[in-house]
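Student: Letter by letter, the chains look like this.
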Amino acid sequence: MATEKRDKEEEEVKTDDGSLKIKPRPIVQLGIFLVAHSPVFSVVFSAAGVLALLILPLLAKNTYISENALMPGSARSMLSNRDVSDGSKLVKDIKNYRLNHEGQVQKLIGKYMSEMGAEVYYQKFHPEGNQFHPLHFFSGPDSYTLLDNVSCASYGVNVAGIIRAPRGDGKESIVLVTPYDFINGGDYEALSLGITGTLFSLLARVTWLSKDIIWLVADSRYGDYRPVAAWLTEYHSPSFKDSDLLKCGELNTADKFRRAGTMAAALVLKVDGRSERFEDTLSIYAEASNGQMPNLDLINVVNYLAVHRQGFYVKVEKVVSLLSSSWLKIIGEIFEAVGKLAHTLNPDWNFGIPTADYLEGSATLASSLYSQALGIPTGPHGAFRDYQVDAITLKVSPRFPPDSKTRQHDFFLRGAKLLEGTIRSVNNLLEKFHQSFFLYLLTSPSKFISVGVYMIAFALLVASLPMVAASLYIDGCKALNNSTLNPAGNFKSWKWLDAAKQVFALHLFGLIVTLLPYFICQVPGQHSPSNRSIMWGTTSSSLLLITFATIPGCSPFSSRRHGTNWAVLKSVTISAAFIGLCLMSIINFATAEIGALLLVPTCLIVQPIKPALRSRRIKSLLGAFCSMVLLTIGFPVMLFAISKGLFGEGLVGLSLGGEFWTWLESLWAWKSATYLYIGMVHLPCWLLCLCILFHPS
Amino acid sequence: MADVGGDMAEKELEKPTYGFWIWAMASVILRLFFIFYFPENFKLSSRPEVSTPLTSVRRLAEGYWLKQSSMSPYAGSMYHGSPLLLSVLGPLTSQWIEGQSSHHLCSLVFVFADILSALLLRAIGQKLQKTYSMNLKRLGVLRSSGDRGILPCGDIAALVYLWNPYTILSCVGLSTSPIENLAVIVSLYGAVTRRVPLAAFGLITATHLSLYPASLAIPLILLLGYGLDAHPLKNFLHTRDRGVETGSTSDVSKQDKLTRTTQLPFLWRTVLHFVFWVLVLSICVLVLCSLSLKQYGGLEEMFKRTYSFILNIEDLSPNIGVFWYFFAEAFESSRNYLLIVFNLYILLTSLPPLAFRFKHRPCFLAFAYLVMSSIIKSYPSGGDAALYLSLWALFVNELSDMNNLFFILCGHIGVSLLSPVVHNIWIWRGTGNANFYYGNAMGYVCFQFMFVEESVNAMLDHDKALEKATGKMTKN
Chain A
0 MATEKRDKEE EEVKTDDGSL KIKPRPIVQL GIFLVAHSPV FSVVFSAAGV
50 LALLILPLLA KNTYISENAL MPGSARSMLS NRDVSDGSKL VKDIKNYRLN
100 HEGQVQKLIG KYMSEMGAEV YYQKFHPEGN QFHPLHFFSG PDSYTLLDNV
150 SCASYGVNVA GIIRAPRGDG KESIVLVTPY DFINGGDYEA LSLGITGTLF
200 SLLARVTWLS KDIIWLVADS RYGDYRPVAA WLTEYHSPSF KDSDLLKCGE
250 LNTADKFRRA GTMAAALVLK VDGRSERFED TLSIYAEASN GQMPNLDLIN
300 VVNYLAVHRQ GFYVKVEKVV SLLSSSWLKI IGEIFEAVGK LAHTLNPDWN
350 FGIPTADYLE GSATLASSLY SQALGIPTGP HGAFRDYQVD AITLKVSPRF
400 PPDSKTRQHD FFLRGAKLLE GTIRSVNNLL EKFHQSFFLY LLTSPSKFIS
450 VGVYMIAFAL LVASLPMVAA SLYIDGCKAL NNSTLNPAGN FKSWKWLDAA
500 KQVFALHLFG LIVTLLPYFI CQVPGQHSPS NRSIMWGTTS SSLLLITFAT
550 IPGCSPFSSR RHGTNWAVLK SVTISAAFIG LCLMSIINFA TAEIGALLLV
600 PTCLIVQPIK PALRSRRIKS LLGAFCSMVL LTIGFPVMLF AISKGLFGEG
650 LVGLSLGGEF WTWLESLWAW KSATYLYIGM VHLPCWLLCL CILFHPS
Chain B
0 MADVGGDMAE KELEKPTYGF WIWAMASVIL RLFFIFYFPE NFKLSSRPEV
50 STPLTSVRRL AEGYWLKQSS MSPYAGSMYH GSPLLLSVLG PLTSQWIEGQ
100 SSHHLCSLVF VFADILSALL LRAIGQKLQK TYSMNLKRLG VLRSSGDRGI
150 LPCGDIAALV YLWNPYTILS CVGLSTSPIE NLAVIVSLYG AVTRRVPLAA
200 FGLITATHLS LYPASLAIPL ILLLGYGLDA HPLKNFLHTR DRGVETGSTS
250 DVSKQDKLTR TTQLPFLWRT VLHFVFWVLV LSICVLVLCS LSLKQYGGLE
300 EMFKRTYSFI LNIEDLSPNI GVFWYFFAEA FESSRNYLLI VFNLYILLTS
350 LPPLAFRFKH RPCFLAFAYL VMSSIIKSYP SGGDAALYLS LWALFVNELS
400 DMNNLFFILC GHIGVSLLSP VVHNIWIWRG TGNANFYYGN AMGYVCFQFM
450 FVEESVNAML DHDKALEKAT GKMTKN
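Listed in order, the protein sequences are those of chains A and B.
Residue 460 in numbering that gives the first Met the number 0 sits at position 461 of the first sequence; the count goes up by one each step and never skips.
Residue 38 in numbering that gives the first Met the number 0 sits at position 39 of the second sequence; the count goes up by one each step and never skips.
No lab work stands behind these hints: they were computed from the structure.
The beta carbon of each residue, even a glycine, is placed where N, CA and C say it ideally should be.
Some hints here could point you the wrong way.
Computed spacing ranges between beta-carbons, pair by pair [said to hold, decoys possible]:
#1 B/Asn434 - A/Cys151: 48 to 56 Å
#2 B/Met70 - A/Gly169: 28 to 36 Å
#3 B/Ser86 - A/Gly169: 43 to 51 Å
#4 A/His433 - B/Leu310: 33 to 41 Å
#5 A/Pro126 - B/Leu115: 44 to 52 Å
#6 B/Tyr36 - A/Ala355: 51 to 59 Å
#7 B/Lys129 - A/Phe624: 53 to 61 Å
#8 A/Thr206 - B/Asn434: 39 to 47 Å
Straight line, CA to CA, 27 Å or less: simulated DSSO-like cross-link-like pairs of lysine-lysine [to be verified]:
#9 A/Lys22 - B/Lys463
#10 A/Lys110 - A/Lys94
#11 B/Lys467 - A/Lys477
#12 A/Lys477 - B/Lys463
#13 B/Lys293 - B/Lys303
#14 A/Lys22 - B/Lys467
#15 B/Lys467 - B/Lys136
#16 A/Lys446 - A/Lys339
#17 A/Lys88 - A/Lys110
#18 A/Lys446 - A/Lys394
#19 B/Lys358 - B/Lys126
#20 A/Lys328 - A/Lys339
Modelling step: build the complete structure from the supplied sequences, incorporating the hints.
Tutor: Quick look at the structure:
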């Protein structure tokens with residue numbers, strides 16, 4: 000909003016230039032000043048934006064529990080050995096059953112649940128394939144589409160049990176999810192059933208519950224996410240037609256799909272692998288689609304209970320390769336030194352943190368930014384966020400091998416106690432989570448950066464765009480006034496029209512390129528990803544050639560008479576990039592931040608290369624070289640290859656096109672807005688920068 | 000985006016004969032494509048930017064269903080439109096084309112309405128352009144008749160109307176605003192071509208459908224009384240040149256320069272004719288309405304459910320206007336006071352001053368009124384923007400020196416794109432709240448204000464520049 004306002008001021012200035020009769024207001028004067036010195040200020044602002052991003056780990060605050068009603072850890076745990084032995088028995092039964100029988104483990108779990116006194120039902124679902132729906136972001140959660148002719152060959156069965164709360168009115172619920180592969184689930188996976196079984200045994204007899212408890216054992220044969228999403232879709236949008244799936248298999252699922260009111264929170268529990276550390280490790284995954292996060296309070300409660308009550312080692316994802324990077328280490332040391340210096344100057348200034356902490360924080364922050372920017376949920380909890388339910392995935396790695404009986408008892412007890420405490424806190428809630436933050440980045444499980452802080456980095460980065468756009472506009476208009484080629488002499492305010500036409504044409508092109516994969520997927524026959532990417536590449540480039548050929552003045556290689564003034568073109572391009580980035584920052588901040596890091600310098604630095612080559616001065620040659628480098632990096636495929644290389648996933652080969660296609664496919668299948676950003680903001684702006692670079696001026 | 004149509008139109012300057020028709024056909028094909036192939040899960044027809052409680056066809060279908068089952072169409076606060084529109088469009092909503100499941104017949108009617116509006120706009124524009132060049136010639140500013148400086152504003156306006164994303168969305172998105180826009184344009188067309196009954200018919204229909212176009216009565220009367228848009232000097236020069244002014248055969252005596260503006264000839268007879276027709280037609284409409292609502296409470300029910308619904312701002316569901324939020328927050332006790340203040344504000348601050356300032360340019364006055372009413376409407380939608388943007392394009396010649404146009408365009412694009420995003424954040428994702436959406440609505444209103452303000456300024460500057468030019472001429 001602030002930048003927009005400044006933009007407004009500048010636009011006012013722009014038109015008044017030269018013929019100012021009255022003395023302008025101070026804010027307008029400030030605008031004039033900023034626009035007049037835009038090269039300096041744009042460099043300063045961009046540098047400050049990057050610096051602010053690097054400084055973020057220093058500005059992270061400790062998390063705190065914002066909602067008073069939660070009161071984590073205040074109640075004594077009621078878990079007894081009987082509950083644990085129930086859970087252990089369930090795990091043992093499952094193991095034995097799978098050794099002796101083929102088929103439905105679901106029945107066994109269902110039986111266990113109903114013995115505990117829960118209402119049990121089975122849900123059959125069909126795992127739908129990847130579909131092209133990038134625009135689903137705007138349409139909300141889609142209603143359940145019944146597939147008419149589904150085959151019985153592939154379907155999954157979820158089991159869900161509901162404990163009705165003795166003190167509740169059945170209008171609210173808490174969901175526990177344990178993904179389990181009924182066909183080939185390992186021993187570790189069964190442990191998650193054990194923990195939840197233990198907890199379920201307790202919850203079935205406690206008196207303090209005021210929200211119903213739903214335990215969903217999701218059939219994770221087709222991935223963790225799909226079964227949970229299918230269950231949620233049916234939960235929220237009931238279908239009144241009998242699905243063909245009901246007839247499949249021996250398990251009769253014709254009984255009613257039961258519901259338990261709105262969901263207050265959901266916890267997904269997974270047990271996998273052995274912990275590398277001495278303690279049991281608990282990893283928290285929170286990112287849902289399009290960088291949405293659950294309320295910070297949920298993470299806080301889990302983190303508090305895990306660390307202070309149950310003694311887990313809690314971690315969140317981090318980019319491991321950053322921990323050993325030397326340049327980040329140098330930056331960390333500089334910050335540490337500055338912090339120490341500041342502390343000696345004034346003992347109240349305590350912003351310095353040790354280099355190791357800085358590295359750790361940056362690595363976590365980078366991972367947080369990356370997974371938010373990708374827009375792909377990091378676990379089954381992502382499905383809940385589409386229905387505004389706060390959910391996280393807890394991945395526990397025990398420090399013992401799965402067959403050790405003695406350790407297992409202790410592990411079940413602690414895991415169930417953690418879940419019990421969390422459920423007890425959520426049970427206390429009178430409203431849904433709203434007190435704490437929804438927009439934040441994590442730098443460690445107990446440290447976060449709120450939106451007010453991290454927005455600064457982005458705002459500084461994009462602040463230079465409207466400034467430079469205004470200044471270029473003024474320059475371009477002056478140049479056009481001097482030239483005699485101007486066709487519409489008396490249309491003072493229409494000089495940007497040709498440039499706007501070009502920008503619009505290329506954005507339209509971007510839209511078409513974005514939608515092309517839908518049609519490519521419709522091409523009959525099996526095609527490999529690399530074939531599809533070749534199809535995509537050829538159609539888009541021929542489309543681009545058609546665009547350049549049909550719209551005069553659009554191509555960078557057109558004759559000079561048709562060409563627009565490059566300054567005006569750059570100004571309009573920058574305005575388009577500014578609008579696109581600001582929009583994206585609201586949809587998915589992390590994408591916008593990373594996109595701005597790439598797009599802003601490119602847009603600012605790009606200039607026609609011909610005059611630079613002609614002048615042969617070091618400065619202009621350097622500028623041309625920089626813009627060439629930035630433009631090379633900016634091409635989306637190139638960017639993909641470089642990021643692959645950075646994350647150390649092997650060298651780039653011929654299969655790059657195929658890999659790129661697969662990556663994009665994952666983006667649109669997960670309804671990520673990042674795909675739209677790449678196609679409709681990044682690609683057109685990149686092309687426009689290319690046009691400016693090869694502008695015949 | 001709005002001016003992209005303008006771009007295309009301008010490109011077609013060289014060959015105006017085919018170009019217009021090609022682009023118009025292309026826009027129709029685009030609409031038909033969208034109607035039949037638009038992905039349904041966007042639910043365009045329930046977006047607040049496209050359809051309001053007054054214009055939603057979904058609600059109209061509901062009202063028709065209620066009426067078919069012999070209940071009042073207004074029962075249950077679903078439908079709030081005109082009973083006559085219900086009788087006309089209602090049957091179409093219940094008839095399905097083979098294999099199609101939604102209101103495609105209605106959409107086809109809207110496409111037809113859009114085409115008709117565009118053609119009428121083109122006719123208005125051609126008339127205005129002719130008058131403009133004639134006036135310029137008479138003033139001596141324009142030397143040769145074949146001067147290429149004058150743009151074919153009719154074609155541009157029609158294409159801006161047809162290619163405006165707002166128009167396309169409201170046409171495709173099952174909102175009745177194409178019909179309301181058509182009524183407004185018909186009234187203007189009638190007045191421009193001096194077909195008095197047609198003008199009265201358009202005015203009455205538009206007012207009946209959405210009430211706010213009632214303010215257009217002033218520009219229409221001025222248009223019929225004084226003739227088409229012209230420079231205030233026209234009479235002074237007119238008498239000197241013995242030319243025939245369009246429609247106004249006046250016999251004004253030679254006046255001094257100082258008093259000339261007060262002595263514009265006003266054709267009382269035409270205006271009285273117009274008023275007579277307005278009265279006759281409004282009685283007709285009322286009689287028809289009372290007939291169609293005979294069993295359901297009659298006219299009183301209609302007034303309560305339509306006009307009172309508009310003025311009382313009863314539906315507080317979010318839209319792109321500014322009132323819903325305000326009245327959702329306001330205390331019940333002060334509600335009446337605020338209602339009176341807001342409604343009077345529209346009447347007193349925007350209508351009379353503009354009328355005094357622009358009585359020599361009634362068409363432009365109509366444009367300004369439409370923008371104002373779109374800003375302070377109780378249930379605005381994108382369709383209103385579509386209408387005034389195309390009327391604005393009628394004055395490309397006069398407004399060629401408008402300031403800040405690029406900035407306003409960028410702002411409009413930004414705000415229009417931001418609106419669905421913020422709505423999504425608020426309604427579906429829960430990470431935003433109503434303030435986000437309301438902030439966006441305020442931004443939209445600000446940009447509209449800037450747009451009308453700059454247009455008015457540019458028009459006044461244009462008049463001043465002409466005056467200066469003619470002043471030089473007469474001295475020479």
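Student: Each hint: holds or not?
Tutor: Verification of the hints:
1. The beta-carbon spacing between B/Asn434 and A/Cys151, approximately 51 Å, falls within the hinted interval of 48 to 56 Å.
2. About 35 Å separates the C-beta atoms of B/Met70 and A/Gly169, a value consistent with the hinted range of 28 to 36 Å.
3. For B/Ser86 paired with A/Gly169, a C-beta distance near 47 Å keeps the hint of 43 to 51 Å intact.
4. The hinted window of 33 to 41 Å between A/His433 and B/Leu310 holds, with their beta carbons roughly 36 Å apart.
5. For the pair A/Pro126 and B/Leu115, the beta carbons lie near 51 Å from each other, so the given range of 44 to 52 Å is met.
6. Range check, B/Tyr36 to A/Ala355: about 58 Å between beta-carbon atoms, so the 51 to 59 Å window is met.
7. In this structure, B/Lys129 and A/Phe624 meet the distance hint of 53 to 61 Å, their C-beta atoms being roughly 57 Å apart.
8. Taken as a hint, the range 39 to 47 Å holds for the pair A/Thr206 and B/Asn434, whose Cβ atoms sit roughly 41 Å apart.
9. Proximity of A/Lys22 to B/Lys463 is assessed by CA-CA distance (about 23 Å); at most 27 Å being required, the pair is judged to hold.
10. About 15 Å separates the Cα atoms of A/Lys110 and A/Lys94, which keeps this hinted pair within 27 Å; it holds.
11. The straight-line distance between the Cα atoms of B/Lys467 and A/Lys477 is roughly 25 Å, inside the 27 Å bound, and the hint therefore holds.
12. With a C-alpha separation of about 25 Å, the suggested pair A/Lys477 and B/Lys463 falls inside the 27 Å cut-off, and the hint holds.
13. Restraint check for B/Lys293 and B/Lys303: the C-alpha separation of about 15 Å stays at or below 27 Å, so the hint holds.
14. Note on A/Lys22 and B/Lys467: the hinted pairing holds, with a Cα-Cα distance of about 26 Å set against a maximum of 27 Å.
15. Under the criterion of a C-alpha separation no larger than 27 Å, the hint pairing B/Lys467 with B/Lys136 is consistent with the structure, at around 15 Å.
16. Between A/Lys446 and A/Lys339, the direct Cα distance comes to roughly 21 Å. Compliance with the 27 Å bound is thereby established for this hinted pair.
17. Distance hint between A/Lys88 and A/Lys110 is fulfilled; the C-alpha atoms sit about 13 Å from each other, no more than 27 Å.
18. For a cut-off of 27 Å, the pair hint linking A/Lys446 to A/Lys394 stands: about 19 Å separates their Cα positions.
19. Proximity of B/Lys358 to B/Lys126 is assessed by CA-CA distance (about 18 Å); at most 27 Å being required, the pair is judged to hold.
20. Note on A/Lys328 and A/Lys339: the hinted pairing holds, with a Cα-Cα distance of about 16 Å set against a maximum of 27 Å.
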